[in-house]
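Engineer: Using the numbering used here, the first residue of the sequence shown is number 607, and each one after it goes up by one.
Keep in mind the hints are simulated off the structure, nothing from the lab.
Model, not experiment: these values are computed from the prediction.
Built from N, CA and C at the ideal position, the CB exists for glycine as well.
One or more hints might be untrue.
[To be verified] Below, simulated DSSO-like cross-link-like pairs (lysine-lysine); rule was C-alpha separation at most 27 angstroms, straight line: (1) K1129 x K674; (2) K838 x K937; (3) K1098 x K651; (4) K1129 x K1108; (5) K674 x K803; (6) K1074 x K1108; (7) K867 x K838; (8) K788 x K673; (9) K794 x K673; (10) K803 x K1135; (11) K1129 x K769; (12) K674 x K1094; (13) K674 x K769; (14) K838 x K849; (15) K769 x K1094; (16) K1129 x K1094; (17) K1074 x K803; (18) K1094 x K1108.
[To be verified] Simulated DEER-style distance windows between Cβ atoms: (19) Y837 x A900: 25 to 35 angstroms; (20) Q801 x S881: 38 to 48 angstroms; (21) T660 x P1011: 27 to 37 angstroms.
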Amino acid sequence: MIAVVFLSSHGKCSPPGPVVECSSGLTDCVVTNSYGAFPDRSICKASQAVFPSTEEELLASVANAVKKQQKIRVVSKHSHSIPKLVCPEGDSGLIISSRDLNHVVSVDESFMRMTVESGMGLKDLIDSAAEHGLALPHSPYWLGLSVGGMLGTGAHGSSLFGKGSAVHEYVVGMRLVVPASKEEGYAKVVTLTEQDKDLNAAKVSLGVLGVISQVTFQLEAMFKRSITNVYKSDVNIENNIVKFGLEHEFADVTWYPSQSKVVYRVDDRLSINSSGNGVNDFIGFQPQSTAILATTRATEEVKEATRNGAGKCILSAIQVSTILSTGAGLKNNDLLFTGYPVIGYQNKMQSAGSCLTSSENGVLISCAWDPRIKGLFFHQTGMSITVSRVSEFLSDVRKLRDMNPISMCGLELYSGILMRFVKASSAYLGKEEDSVDMDITYYRSNDPNTPRLYEDVFEEIEQMGFFKYGALPHWGKNRNLAFDGVIKKYSKSNEFLSAKNKYDPRGIFSSEWTDSLLELQDKQVTVLKDGCALEGLCVCSKDTHCAPDRGYFCEAGKVYTDARVCRGRESKQTLFDSS
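Given these sequences and hints, build the entire structure.
Structural biologist: This is the structure in structure tokens:
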């Protein structure tokens, strides 16, 4: 989020618009995500959409589609996945929206377990648990995700303690609706428990096993958290980061490389009896004036068009100063930030998203990325690098920064490089080792053929992470190139594919995108066309084109691992010049 966005409004905010729209009742439909654009900018269509509100309705919808051999994909209320996970194959598929599957099924306070429907939003999940004195130990930072969406993509918070920060590590049971034979009525409900090894496939499933109906979570007794953001020089960040993550249960780190500054979030558990009623209302997730958002976007577009990196640096300095002076949206008493530490109940501190929850106001105020307005439009890279290699990766990023510090200012307009901690997972498609997840958000041009300012530097960081350091991509973020050869990085991919074939042997819940991820049906995640590397649809090589007539090109021989770096007009240097 860039500087002027933080002049946020606390008036009534228009909630996000629908992600499924049909031209004739519930037929002839278009499905998108909350940003209004997929990485390849394609339009996803479906012949029909359904909105079941009970498991019985869900079962009937799946049975009807299976009987017709119709492809199925599931979409949540807000659909925050960037890749095309919600797109059914072709335009004759069925979209099942989990929007109305949003109820608490049961709560067992003695065993601290709660069962909910898959469409329940994160906010409702943690607030419902809190009503019973219970807490979900970890969650993503954004409240606008659904239970099914979090499990489908492996969403997580930040921690190297206990089972770690991934939501799926706290799943102890699940009910799935899967395809079945004619004799079984074309669909059936499968119940998985802790004793079923297939739960390790279902906990991070990409939606290809079936549709999740209900999920049972193992919760904890409610507790409080204490957060203090400590602002320091980035000297020795490479050697400090893992040590810091092992010292504080909910720690994270934000790096502002062009300013040589780091924010260490000292974030720990406290007794429920501790004094404090703070809340986390992260400044980037607050309601924003759409008029200010339009000005913000226009300002950055001018900086891009005039290749004004220094201008972006001025804006980023304002951005970081604003974040620090406001506590990044932390509030000591639900109204104001008065100083650290900020102490509050877990459900009030673990996630944020106040731009989600207001009534309609004609889109005068909205979330910053709402596609109905001329607001923020960005790429987002999410990659997890093992703790054994993260120091080396950060050293390489520092070297790139030192070549030209101005090149990094664009990252800081979107909150810098956020680093979260994630433990090795029991899920087949979860993290292979304890890792540091890098979240990097950056400007996306409205014109896919226009190179971004200092795009070469961002491309090098991205490709360096995935190809040199073998990073695992976040399933719900990233551009296509991040997923090139991804399934080979998972040691238990065969177990996952075995479960997929067991529950959906005909691929009813599979799509062109999921087949590409899993390397099935000879599908590829990359899209080879002129200019494809500009938006990360391919890795630039001798077989692809990078629009040289627009000042963006690949140089033969500038190779590291098996990827070539596309370089733009601003930089001709790279760390990796030898093949």
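Engineer: Could you work out which earlier hints the structure fails to respect and list their numbers in ascending sequence?
Structural biologist: Going through the list in order, the structure violates hints 3, 5, 6, 10, 11, 12, 13, 17 and 21 and respects the others.
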